[in-house]
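K.L.:
Sequence:
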Amino acid sequence: MTWLRALREVVRSGLTIEEARLEPLLALRTAVGVSIVIGPALWLASPAYAASAALGAYSAGAATFQRTWRPRKVIALGAGVGLALGTFLGYLAAGRLATFLPLLAVWAFAAGMAWAVGSTAGIVAATTVGSMLVTVTLPTSVGRALEHAGIIALGGVAQALLILLFPIRRWGAHRDALADALAAVADYARRLRHDPTAPFDPEPLMTARDAAAVTPSQARTRPPVLHGPRGLAERIRPVVAALADPDVGAPAEGPGRDRARELLDAAAEVLDAAARSIRRGTPAEVSPESTDALRVDEEHEVLEGPARQAAARLVELLGEALEVARCGTRGRTPAPPGPANAQFLVRPTMFRLVPVVVRAVRPELRRDSPVFRHAVRLAAVATLGYLIAARLPVGHGYWVPITSVMVMRPDFHRTYARAVARLAGTLAGVALATGTVRALGPDAQVFGLLAVVSAGLSFMLNRTGYAYSHCFTAAYVVFLLGMGGQAWEQTVPERVVLTLLGGALAMLAYVVFPAWETPRLPGRLADWLAAEGRYAAAVLRSYAEPTREHHADLRRALLASREAHAAWQETYDRARQEPVRPRGLTSREAEEAQEALKGFDRAAMLMESHVLRDDSRPVPEAERLAEALEADTAQAAVDVREHRNPDWARVEEALHAWEGAAAGDGSPVVRRGAEMQKQALEDLATAVSRTPLERDVGSAREEQRVRAAEAAEGDGSGPAHRGG
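For the sequence shown, this note's numbering begins at 30 and goes up steadily by one.
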């Protein structure tokens, strides 16, 4: 992708309205938290104290809108404490550049490294850098600095108290994550009716698993309905795939295919009903037609062999889902086990996060890590922006580094898109605030009220797009400055110019010290290949010796393969948006390799659907194939990293040795799955194997294809045809 096209995509992304459900009650509660600290501070103290209180309450409230599974009150308290600490330390070092700049650089670097823990930690940490930059201009002594820090922390406490006193969908995010997982499997079942090899995105299942991890205190209060349905979604997904697949399931045509479609329809309706029940907390009804479809008549069942086994397993699992759909949360859901034997995914408490943070940050402390490079950029831009601001003949120069810090992200596309969105939102917000100020005239109380209203609108639009939320954030800042006595004729032009300068500085920093994802594609592909090889080997070992230990290994390998797939997908999606020439893998090769590995994963999933049955018989031949698969994929991962052509000699030898062996009940499924995996590995080798001359020609063709696509897009004739 060229720079011109990348910038067009950036502008389009930055100004796109995201489809998200508005949450006015949450926005109202958070805006009330801002108002209950601004009002008393303005009445009892001064506009400067009111500005500090507003900063703490607004930033802590904004932190609670981030995607996180921890209690919102804990996030608000943590944000308030971080803002207060950054403010106080910043004031202590603000007397001289020789002391303040090193502190700012170290604090900004630590905020950048917080992205290793997660996006919520990174965003909240960046906010503390902004508070350090803006509030050091308010106090006049150490005592006043302590007072301002305390008031900022009080804003976080106010938000936490409101969350505690007025809970709104306390487990709402967890319910939504679980419901989304069930709905994703329902959609998968519907798509399998028309496309038996349809792909499935495991991200909703991964999100639901992340949401299921709770602290011991959360486990004691978690609604019972959130305990079991995630496992149902996990177990139903491979079963519906096995039923729909014409190679190991229902026949491609005839009564068997019609019966499979009937069962898939019923599965989709039951899972959707269960998702609605969990999301809303109310019972849901399933149509009599779907209930009748789930009755298996042993004498007249048209499905045979593995397809019949998959159908029986699906009916059994959907019976459990029906109980979830009909019971809702009216107390008929089975109670969870007691604390002594409770089985749940453990999330560390806030006091035990230190070792978790250390383990997350340590692997990122290397030069080629995107998080490390982001931290370096953040530290450099914060200090450089502060120096530039100190030289500018304006009164609010700190908006330059604040803008840079708040728009910067570890990847190219989001950094540039947020810079564009912030400038657009600032222009619209200051224009709106300017017109309001001119119409109403100077009045601190009125400006305080307008600031609260703007904060509420910003919170409500938080998930519809950064530009639209920041429009009211910019108006909120203008009203706060007006509340402090700043003339709008000075603040408005300065705010626009400084925002533009800060955004340009952030964009320039990424060009000077980038962290491109394109060169990382071969490594991510190799990691995914090795993880998929271990998963496939674990499935085969469960056929060879179906023990509890092998089933546990299978589950761990499945989760590891999903994580590797998610890491590849994230890198692949970012690389497609970067203005960088292909390095190691062209976009066509990456796409073909991705499809091949998805086929490999799908074959393993089809085999897994029959492993879990208690009556499955051992398949001794699967052990040798498991060893061959694990060894060949591990070596192929090394080959892909070092740009060598992979080889599958061990797998071919193991499959050849299997020919003529006696087949047990489970052998036809596993043998057919192994053949599908071998074909997928051959497709992968075809995608990534090239001679040196082919690599040079491939890169040239890739550039020609990109230029042709851009020319076609510019002429309005649509994208170029993607041949194969």
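It is possible that part of the hints are untrue.
Derived SDA-like pairs: lysine to any residue, alpha-carbon spacing no greater than 25 Å straight-line [to be verified]:
(1) 102 with 124
(2) 627 with 263
(3) 707 with 607
(4) 627 with 468
Label-pair ranges, simulated between beta-carbon atoms [stated by the list, open to error]:
(5) 32 with 472: 41 to 49 Å
(6) 147 with 252: 22 to 30 Å
(7) 314 with 72: 52 to 60 Å
(8) 252 with 53: 47 to 55 Å
(9) 197 with 472: 26 to 34 Å
(10) 196 with 387: 15 to 23 Å
(11) 470 with 148: 53 to 61 Å
(12) 526 with 469: 20 to 28 Å
(13) 610 with 398: 37 to 45 Å
(14) 197 with 333: 34 to 42 Å
It is worth saying that the hints were derived from the structure and are not from the lab. Since we're looking at a predicted model, the values are computed, not measured. We treat Cβ as the ideally placed atom computed from N, Cα and C, and that holds for glycine.
K.L.:
Starting from the hint list further up, note which numbers the structure goes against and sort them upward.
P.N.:
Structure breaks hints 1, 3, 4, 8, 10, 11, 13 and 14.
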